[in-house]
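Using the sequences provided together with the hints, build the complete structure.
2 protein chains.
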Amino acid sequence: MSNENEFIVTPWEVKGKIDYERLIKDFGLQPLTNELLKRLEKNTGELHFFLKRKIFFAHRDLDWILDEYEKGNSFYLYTGRGPSGSTHIGHLIPWVFAKWLQEKFNAKLYFQITDDEKFLFKPELTLEEIKEFSYENILDIIAIGFDPNKTKIFMDTEYIKTLYKEAIKVAKKITFSTIKAVFGLNESSNIGEIFFTSLQSVPAFIESIKQGKNIPCLIPLAVDQDPHFRITRDVAPKLGFYKPAIIHSKFLPSLAGLDKMSSSAPQSCIFTIDKEEDVKKKIWNAFTGGRGNIEDQRKYGGNPDICTIYYYLYYFFEHDEKSLKEQYENCKSGRLLCGEHKMYLTKLIIDFLKNHQRNREKARNIIDKFILRD
Amino acid sequence: MSNENEFIVTPWEVKGKIDYERLIKDFGLQPLTNELLKRLEKNTGELHFFLKRKIFFAHRDLDWILDEYEKGNSFYLYTGRGPSGSTHIGHLIPWVFAKWLQEKFNAKLYFQITDDEKFLFKPELTLEEIKEFSYENILDIIAIGFDPNKTKIFMDTEYIKTLYKEAIKVAKKITFSTIKAVFGLNESSNIGEIFFTSLQSVPAFIESIKQGKNIPCLIPLAVDQDPHFRITRDVAPKLGFYKPAIIHSKFLPSLAGLDKMSSSAPQSCIFTIDKEEDVKKKIWNAFTGGRGNIEDQRKYGGNPDICTIYYYLYYFFEHDEKSLKEQYENCKSGRLLCGEHKMYLTKLIIDFLKNHQRNREKARNIIDKFILRD
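For the protein sequence lines, the chains are A and F, in the order given.
Sequential numbering of the first sequence, starting at 5, is according to the numbering used here.
Sequential numbering of the second sequence, starting at 5, is according to the numbering used here.
Source of the hints: derived by calculation from the structure; they are not laboratory data.
All values derive from a computational prediction rather than experimental measurement.
A few of these clues could be false.
Since copy identity is lost for identical chains, a pair holds within one copy or between any two.
[Said to hold, decoys possible] Keeping only pairs whose Cα atoms sit at most 30 Å apart, straight-line, the calculated DSS-like set for lysine-lysine is:
1. Lys214 to Lys165
2. Lys154 to Lys108
3. Lys217 to Lys135
4. Lys126 to Lys214
5. Lys184 to Lys169
6. Lys169 to Lys373
7. Lys242 to Lys135
8. Lys242 to Lys169
9. Lys126 to Lys217
10. Lys169 to Lys112
11. Lys75 to Lys214
12. Lys329 to Lys169
Given below as structure tokens:
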């Protein structure tokens with residue numbers, strides 16, 4: 005990155021301080037307008053704070069999904085997880101939102117675990133290690149509270165008999181040139197990496213295949229996954245399917261600062277399996293917008309706009325709009341000290357994790373209700 | 005092709021008059037020497053006429069297979085079929101030879117039907133059409149007389165759950181550069197074509213995976229398939245497996261002439277499902293090395309070295325070495341007329357097909373004994 009305005013967003017690398025406005029232009033997305041949000045609210049009765057706060061900030065064809073829904077044509081949801089490590093809070097954003105959509109629209113959800121992808125793209129990982137991660141990640145998914153009667157989770161390698169026949173139909177329509185242009189893969193890429201996107205397309209029309217008629221699909225995802233579905237949206241009509249609609253989320257910033265990504269450095273994010281002590285330590289050491297000492301903080305106030313404590317609350321832990329606004333103001337005015345704010349966030353995280361971890365343990369007993377295998 | 009010495013041999017295209025000596029050099033094969041044939045004969049008691057006549061003409065590591073066999077380490081066989089149309093006599097050469105090897109070495113055989121490959125490489129074919137061809141081709145395979153207790157036939161798309169996990173391990177070791185160099189695929193190739201060779205590698209070590217220890221593998225094949233296994237032989241040791249050994253056959257020439265390939269023009273080859281009338285007509289119209297009229301033939305003799313009638317007998321239908329030699333001499337001397345020779349061949353073909361078609365019908369009832377599915 006040559007300067008601070010440079011950033012990278014691909015399905016396999018997210019780096020730098022992301023300019024989401026520019027991403028909308030670069031990727032050719034539609035911004036999530038207040039008008040569209042109002043229309044969504046008319047159908048759901050309320051808006052999730054992810055929407056109010058524009059954490060989901062862009063879309064493709066969400067208006068069409070609502071057209072269809074309002075005509076009485078229901079849609080299904082599809083999202084996924086690349087199981088290359090433990091789940092952290094950032095991963096949960098599209099999942100929690102998918103659950104909200106499932107409830108509000110009574111929608112079926114396909115949840116793809118791309119174990120093959122992670123094996124192909126991570127030189128150091130074996131299939132056995134990835135299988136472990138997959139299992140652990142699936143517990144987190146189930147812990148979110150999806151409806152077992154409406155939610156199907158599958159690992160690519162375990163559901164491949166169903167997926168592969170459709171994936172080769174997709175693959176037949178995609179040249180290496182396209183892969184190069186969309187993902188930046190090159191001649192040194194392995195041939196599994198080159199093929200993989202075909203597998204990620206299939207769930208975008210799998211329900212249409214199963215039902216033998218076109219069913220609209222909405223994909224809630226983190227925006228780095230959008231390139232896959234640009235390809236899917238190009239191919240789907242050639243195979244007789246609808247283009248899937250997409251709704252895109254931003255990334256939860258790292259605790260090390262807004263321009264640092266979190267997944268690789270364990271101290272810079274909260275994992276769902278973290279213990280109380282871990283959380284306390286990580287939040288205590290997090291990057292804030294505070295002053296060097298208490299006097300300056302009281303006098304000049306802090307800067308919540310660069311503060312990871314504030315962002316953790318904004319993105320996930322503070323559900324109350326009014327309280328969030330007060331915290332923002334109190335930080336700016338110097339009334340709220342970083343230490344106090346950290347303790348407040350720490351408590352919310354620990355409460356969340358206690359509940360999540362309890363659900364996660366229960367998930368071990370009901371996992372079979374969710375899993376699709378050939 | 006710029007001149008008559010040009011020829012093309014790839015897994016997806018075979019064109020021109022093939023110079024097998026040059027192919028040995030170009031592909032880096034070992035010629036099947038008389039010494040090696042003698043060693044083979046010591047183990048089998050006799051040599052198939054395919055070997056005596058050098059229809060199988062080259063190999064990779066066949067000596068190693070015999071080393072292992074002589075040490076008491078048995079091997080297994082692997083061959084395949086790309087189901088893009090009806091079976092013709094040329095296809096049967098590696099199959100008949102695989103059956104002979106199975107008998108002589110009491111060897112297990114995996115028979116791969118690459119339905120995915122044909123779908124990916126043939127723009128005009130659908131998976132449904134290919135499924136039809138696969139079924140029809142499998143009947144021909146079974147009709148050859150393989151031992152149902154030692155022979156497993158599978159279609160890639162039906163056995164993909166077993167194959168895919170191994171195929172991505174192969175794929176992870178192969179770059180696009182290699183695919184470009186080995187197969188001549190390019191940026192306009194579809195990403196399924198690029199990935200496909202990974203699937204063709206897997207059966208070369210599937211028995212080792214199943215048994216949890218390394219088992220040597222011998223692959224009888226038509227020489228155009230060799231490029232796939234150059235890759236397999238490169239990758240196998242990296243995954244902890246033996247390199248597979250290979251024994252390569254030449255191509256049965258077309259009835260239209262030695263430099264014409266047969267599969268696309270239905271009049272230029274004999275299909276296993278041809279009727280008597282078809283055979284009579286095709287053989288009557290076949291290209292020969294005969295003279296323009298009977299007088300000249302009697303006077304100057306014919307040229308069996310360019311005669312497709314002679315080659316059909318040489319490659320498949322005349323099992324008797326002495327008789328074949330006499331036919332060659334009698335043609336050259338003018339004693340044997342083309343019409344007589346054609347009638348002789350026609351009878352052998354019709355007898356063969358009667359028997360094959362009977363076995364083919366019986367195969368419908370025992371197909372399940374042979375098929376591997378996930």
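Q) Quick check: which numbered hints come out false for this structure? A) 12
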